[in-house]
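All chains, please: the whole structure from these sequences, using the hints.
Single-letter residue listing:
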Amino acid sequence: MKPSDNGISRREFLRRALLGGGALLTLPGLSRSGWAAGPGSAAKAAGSSGPQVDVWVFHGTHRRKLMARALATIDANGGFGRNVRKMAVKVNAGWARTPETGANTNPELLDAFLAGARAAGVRELVLPENPCARAEEAFTRSGLLAAARKNHADLYSLPAAKKAYTEQSLPQAKQLQHAMVAKDFLEADAVVNIPVAKHHGGATLSMAMKNWMGAVKDRGFWHRNDLHQCIADFSGFLKPTWTLVDATRCMMDSGPQGPADEVRTPNLLILSRDQVAADAYAATLFHDSPLKVGYLKLAGEQGLGVVDLARMKIHAVEA
Amino acid sequence: MKKQAILNWSVRLLVLALATGLALGGPLPVWAGRIFPALSPLVALAHGVAARSWYAPLFWLGPPVLMLALAIWRGRWFCRWLCPTGTLVAGVTACGLRKTVWPFRLNGVLFWAALAGGVVGLPLATGLDPLAQFSRLTVNITAWRDGIAWIPGLILPAVLLLGIFQPMLWCTKLCPLGYLLERAQLLTRSKTARATLNQTRRDLLIGAAIGLPLALLARRGLGKWLGAAAGRPAAALPVLPPGADSPTRFAALCTRCYACVHVCPTQVLRPGRPQAGTPMAVWFTPVLDTDAATCDEYCNRCTQACPAGAIRPLTQAVKHQTQIGVAEVIRSACLAWADDQHCMVCQEFCPYRAIGIDHDAKGLPRPVVRTERCRGCGACQNQCPAVRAGKAILVRGVPVQRQLAPVPGAPRTGTD
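Just so you know, the protein sequences line up as chains X and W, in that order. Following numbering that gives the first Met the number 0, the numbering of the first sequence begins with 0 at its first residue and continues without gaps. Following numbering that gives the first Met the number 0, the numbering of the second sequence begins with 0 at its first residue and continues without gaps.
Don't read these hints as lab results, they were simulated from the structure.
DMTMM-like cross-link-like pairs, simulated, lysine to aspartate or glutamate; straight-line CA separation at most 25 Å:
1. Lys-291/X <-> Asp-225/X
2. Lys-173/X <-> Asp-339/W
3. Lys-361/W <-> Asp-252/X
4. Lys-296/X <-> Asp-338/W
5. Lys-216/X <-> Asp-290/W
Distance windows between CB atoms, simulated:
6. Lys-162/X <-> Ala-337/W: 32 to 38 Å
7. Val-317/W <-> Gln-51/X: 54 to 60 Å
8. Lys-2/W <-> Ala-145/X: 56 to 62 Å
9. Ala-360/W <-> Glu-186/X: 44 to 50 Å
10. Ala-157/W <-> Lys-162/X: 37 to 43 Å
11. Leu-185/X <-> Arg-401/W: 45 to 51 Å
Computed, partial: chain X to chain W, Cβ under 7 Å:
12. Gly-219
13. Leu-226
14. Asp-260
If you're wondering where the values come from, they're calculated on a predicted model, not measured in any experiment. Note that the Cβ used here is the ideal one computed from N, Cα and C, for glycine as well.
Right, dumping it as structure tokens:
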């Protein structure tokens, strides 16, 4: 199936950016319910106060340009931190699916990101993953292994590696009190989460917060003990330096593996320091409200991040 | 040592090393493991009779025909120079005792029993083919954790052990392939033919008298009757490798050489357990253990590895659409159906979109199998996280494997 290009045009994107008045820009037109039904944040926004969280939304059909703009924005906003020698990147490399399916993080985006990280002086790049399909198949078919190798980054299978996990307790968690977590994410100087946004049969949507299921050993526990709460718990525990949600091509059904009947191409890359906010924004590409996603609702209630779009400072950037 | 003996041993050890290398495979192409076992005219003959067809593609029929031609001319020359199993036996004999512990020649009976069994669709003794047995030694490495694999896997080592007492016990008294090669030479040796012909006739009669009823019994359900006598219900059909077609056909044509088990990248293929409630004929055939692993979506290695034609050679695209089993949701054990959890791991992992979503009144997703799409790969069962009442989704074999429609929505399905 040819992915239908039912994303938004450059003109439309800019028009909305102007209409939305910058800070209040939302792009709910991408969801099925359309512009008018939006996240309903405009009304609330008047009364809402408190700290705002920055969310950058890059739009464009050229993935390398998207990532270049995102990297420039990261650089202008504190970069990855001081003296970052080792960086751990969580991509979604879980499925034996080619990039056009939209089941994994896009390899072009990853390639551009890793090259940027190298240019920023990062010495060691590791990409731990607990893939769902056989690692060999998932890593090669997704094109992510090639992208990683090109930049001398180590994309590896956690179950195949020795002593890759470490037992962690999550004192703040409601359900997931203990987990075996990939060591590299805890030991790295900077952690970046680069998931793909897609439909998910069990969790409604899979984006940044859900992506961390590929960083733990026992996923089954999450499924047996309130999946949505476990996802919220873990995102309260592991907070990446930056989150970049790949919404350039989105599976609208049959996720997380696909192939989907409907693949949309919003051509967006969403950047934030708050992974919950990035997810909440990305969720509006699929549903009229982020609260339709169980773990986002829980994350909002439990104060793990910003879910209310009115409390986000959304920067629309045309790349 | 005489020059002849030195030459003989050099050739034998070289061929043994070659056969070992090919059986182990490593970086070699999948069909490497086929080369030695596919040489056997015994397997070709008995299986050709059983399948009522040329059992293998024509190319793979060439070597056994050549072997037979060689035997007509030189008798057991193959045994003395090339057979890797023969070399092992000769090696043991060279450092063993010289006693007689087993004076009876059974090779003729075994050969004719195999052929007679083939007539009724189950060539019993082809599992004893020395080349198949040599290949089978790999299962002692591949599946050593399954205690069950040792039963077929250790027949040859046991025979070799016996060889310590009696020289060349296997080759002279038991090997059905050696018998065939030896008797093939009859055609050119008219002088000794009469006495040997009489012996051959006796072998044939005894072999048929044993082989025919045993094959019929094993095929029609000896195991089933045993199971029924023990009060056990008929077991579910095992999930067989793609290209096996049906349990009956597969049971007949599989020599249990386990070349497929050896090349399986996920190790989902295992020597099957003998189960009361299944016909004895299917015992020890390779089956998929979907609790332990998954039949990979993009793999057709087992279909390229089978030297006996029991697993048909399938292209990746055909294999991708072959249904080897069907999943069934056990609702009482299911996290979604019974415990109100957001799970859907089966739907998540199904590469063929064969699990549909049924939302309850509150929007909780619950899995439903779309049997017309299910290939039986076992990804769902393998990944099912339910523990309270065991796995909540189970894959069962099908009576006949068939081709399904391509997966919808696939941009590129099953091609490489």
